[in-house]
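Asker: These protein sequence lines are chains A and B, in that order. Numbering-wise, the working numbering puts 167 at position 147 of the first sequence, and it's gapless, one number per residue. Numbering-wise, the working numbering puts 264 at position 163 of the second sequence, and it's gapless, one number per residue.
The hints are simulated quantities; they were obtained by calculation from the structure and are not laboratory data. There could be a bad hint or two in this list.
[As the list claims (entries may be wrong)] For lysine-lysine, the following BS3-like pairs were computed, each having C-alpha atoms within a straight-line distance of at most 30 Å:
#: 1; chain 1: B; residue 1: LYS243; chain 2: A; residue 2: LYS99
#: 2; chain 1: B; residue 1: LYS240; chain 2: A; residue 2: LYS95
#: 3; chain 1: B; residue 1: LYS162; chain 2: A; residue 2: LYS24
#: 4; chain 1: B; residue 1: LYS233; chain 2: A; residue 2: LYS100
#: 5; chain 1: A; residue 1: LYS99; chain 2: A; residue 2: LYS24
#: 6; chain 1: B; residue 1: LYS240; chain 2: A; residue 2: LYS99
#: 7; chain 1: A; residue 1: LYS100; chain 2: B; residue 2: LYS315
#: 8; chain 1: B; residue 1: LYS162; chain 2: A; residue 2: LYS95
#: 9; chain 1: B; residue 1: LYS357; chain 2: B; residue 2: LYS345
#: 10; chain 1: A; residue 1: LYS270; chain 2: B; residue 2: LYS315
#: 11; chain 1: B; residue 1: LYS112; chain 2: A; residue 2: LYS95
#: 12; chain 1: B; residue 1: LYS315; chain 2: A; residue 2: LYS99
#: 13; chain 1: B; residue 1: LYS357; chain 2: A; residue 2: LYS100
#: 14; chain 1: B; residue 1: LYS122; chain 2: A; residue 2: LYS95
[Stated by the list, open to error] The following label-pair restraints were derived from C-beta to C-beta distances:
#: 15; chain 1: B; residue 1: LYS104; chain 2: A; residue 2: ARG36; range: 42 to 52 Å
#: 16; chain 1: A; residue 1: LYS95; chain 2: B; residue 2: VAL178; range: 21 to 31 Å
#: 17; chain 1: A; residue 1: THR189; chain 2: B; residue 2: GLN136; range: 35 to 45 Å
#: 18; chain 1: B; residue 1: LYS162; chain 2: A; residue 2: THR216; range: 36 to 46 Å
#: 19; chain 1: A; residue 1: ILE267; chain 2: B; residue 2: GLN216; range: 44 to 54 Å
#: 20; chain 1: A; residue 1: LYS232; chain 2: B; residue 2: GLY244; range: 49 to 59 Å
No residue lacks a Cβ here, since even glycine has one placed at the ideal position from N, Cα and C.
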Amino acid sequence: MNWKAIVLNTLKEAIRNKIFYLLFFFGLFFVFSSRIIGLLTIGDQTKVIKDVGLASINFFCVLIAIFTGINLVHKEIDKKTIYTILSKPISRDQFILGKFLGLLLTVGIALASMATIFILFLVLTTGKFEASLLLYFLMLFMELAILISISLLFSSFSTPILSSIFTITIYLIGQITWTYNHFKYLLKTPLTRVLTDVVYYLLPNLHKYNVKNEIVLGTPVAIGQLLVAVGYSVLYIGCILFATLMIFRKREFQ
Amino acid sequence: MSKVLEVIDLKKTYRSNFLIKSFPALTGISFSVEQGDIYGFLGPNGAGKTTTIKCITGLIKPNAGSIRINGESYDQVSSRRHFGYLPESPYFYDYLTASEFLFFNGRLLNMSMSQITERSRELLKLVGLAGKDSIPLRKFSKGMLQRVGLAQSMLQDPGILILDEPFSGLDPVGRKELRDIIFAEKERGKTIFFSSHILQDVEMIADEVAIIVKGSIARQGKLSELLSHTIENHEIVVTEISEKMLAEIHSGFIFKDGHYLLRLGLGENTNEIVESVIHNGGRIVSVTPIKKTLEDIFLQELGEEK
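Okay, chain A solo, but in the shape it has when bound (with noise of 0.2 Å):
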């Protein structure tokens, strides 16, 4: 199974950049100075540790995913580090599927570190387990599996700079894209509600995977919504890994 030394690779790739480790301390050091402001704040102390302590572990998983993602083709490309690779006896789409699991390992580990310490500090500061944290992360382990792809996807033929731009953007409209249904009534013609309804299609929507309301204030999460979000990430990280696929199969490396 040589593609499983791609995987490898790639997480100690990783792991040996500063990069990572500069993002995973500034998370953990956030997480921590939610201490602080919960201290600072009037009002109920553990939901802000648990509303500035989630948010600084998304925010910075996000950052993780985005800027370990945009190099991830690229760079191999770039130093032609991909010549001794591509040439031994493993397949294009081996090489692209061994970066996609080597990531999403490398943003896991991050993601179970940084969950790990959160929810030891809050039952340290709280005196008490919440096991709902866990389904929290693993809804944000699932966007950020999406994200991942989507930067694979454009590390694929772009460069960095504006594959970070484009994954950000697409990131900031997935947040937002449950909006459309609000306001499509105002399309007009046909045309245009088709044609917007095709892009809201093609992008993510990654309002799916909020639940940090819930988690905060402790209302249960529907198991429907966790089924829809695990079905919607297959479905849509496959759509993304073919097309990558599709682009990767036909690039030529001079």
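With chain A held as given, fit chain B onto it using these hints.
Answerer: Showing chain B alone in chain A's frame:
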């Protein structure tokens, strides 16, 4: 001997965009390499050497033609089991050490841990990097990277070694060591296909050469055959004869280190001149046939005067 690499009517045009016109890099080249041969692929910069090699290794898709490696088409992933490849000016993951890099490549080749460990030790010793296996590649010089690149190309002990400009970046000692490695691999029955623009290196080691100019093969064949038909003239060194007498025998000569050096042109009778020198009391020190060098042939193909 069987053909291990066959390239037939290979064509490649780099696509154009709005600013750059399309560029025909290969205009239909054909050659074959026999098992156990050292095949030198010669050409000036931009002639199409690297494009050909990238087509063979599957990094570029040709527009037309076929490539067969041990009978398998180049576009079959399994065909890449037959060769090891050293790219031109290799750059590897600089965060890995030499042994980690070889381990990574070994895993890509589905080699077991013990195989990789054993083979890495052998190869690092062979390429002169023994004891440097735990140094990160970012601290390696260009020559050292070339050596570690050679080691990775030989990792699975492939039947064919494809080396793109393997001598560039190496000092004279490194070049001698590389030549020795190539000869040793040939002794073991391996086939070596390499590109170079360093003519002396090609002339010293190649059994067969192809000269590629502007995307097509201008000349190819056994090196011995290419050079054997091309005795251009003779160089005669004489002594113990007066300059005046020698001028009557042959007009063109120079005096150097106490001897006269006559360089005969095409069509001049060497025997007659030797006899005249002896008849007039001179002594022949040496008569050397001057053959065309690979450089002469190369420059001739490029349409340039040496």
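Asker: Hint by hint, note whether the structure agrees.
Answerer: Checked hints:
Restraint check for B:LYS243 and A:LYS99: the C-alpha separation of about 14 Å stays at or below 30 Å, so the hint holds. Our distance criterion of 30 Å between C-alpha atoms is met by B:LYS240 and A:LYS95, whose separation comes to about 19 Å. Only pairs whose Cα atoms come within 30 Å are accepted, and B:LYS162 paired with A:LYS24 is accepted, the gap being roughly 26 Å. For the hint linking B:LYS233 to A:LYS100, the alpha-carbon distance of about 23 Å falls within 30 Å, and the restraint holds.
Note on A:LYS99 and A:LYS24: the hinted pairing holds, with a Cα-Cα distance of about 21 Å set against a maximum of 30 Å. Between B:LYS240 and A:LYS99 the CA atoms are separated by roughly 16 Å; this keeps the pair inside 30 Å, and the hint holds. Restraint check for A:LYS100 and B:LYS315: satisfied, since their Cα atoms lie roughly 24 Å apart, inside the 30 Å limit. For the suggested pair B:LYS162 and A:LYS95, the alpha carbons sit about 21 Å apart, so the restraint of at most 30 Å is met.
About 16 Å separates the Cα atoms of B:LYS357 and B:LYS345, which keeps this hinted pair within 30 Å; it holds. A hinted pair counts as satisfied when its Cα atoms are at most 30 Å apart, and A:LYS270 with B:LYS315 qualifies at roughly 25 Å. As the CA atoms of B:LYS112 and A:LYS95 are separated by approximately 29 Å, the hinted pair is consistent with the 30 Å bound. Simply put, B:LYS315 and A:LYS99 have alpha-carbon atoms about 27 Å apart, close enough for the 30 Å limit, and the pair holds.
In summary, the hint linking B:LYS357 to A:LYS100 is not supported, as the alpha carbons are separated by about 52 Å, beyond the 30 Å threshold. The suggested pairing of B:LYS122 with A:LYS95 holds, with an alpha-carbon distance near 27 Å, which does not exceed 30 Å. As the Cβ distance of B:LYS104 to A:ARG36 is approximately 44 Å, the hint placing it in 42 to 52 Å holds. One distance hint, 21 to 31 Å for the beta-carbon pair A:LYS95 and B:VAL178, holds here, with the actual separation near 23 Å.
Distance hint check for A:THR189 and B:GLN136: the Cβ-Cβ separation is about 55 Å, which falls outside the suggested range of 35 to 45 Å. The hinted range of 36 to 46 Å is satisfied by B:LYS162 and A:THR216, whose Cβ atoms lie roughly 38 Å apart. Our hint of 44 to 54 Å for A:ILE267 and B:GLN216 is violated, since their Cβ atoms are close to 35 Å apart. Checked against the given bound of 49 to 59 Å, the beta carbons of A:LYS232 and B:GLY244, roughly 55 Å apart, stay inside it.
Going down the numbered hints, you'll see the structure goes against 13, 17 and 19, while the others check out.
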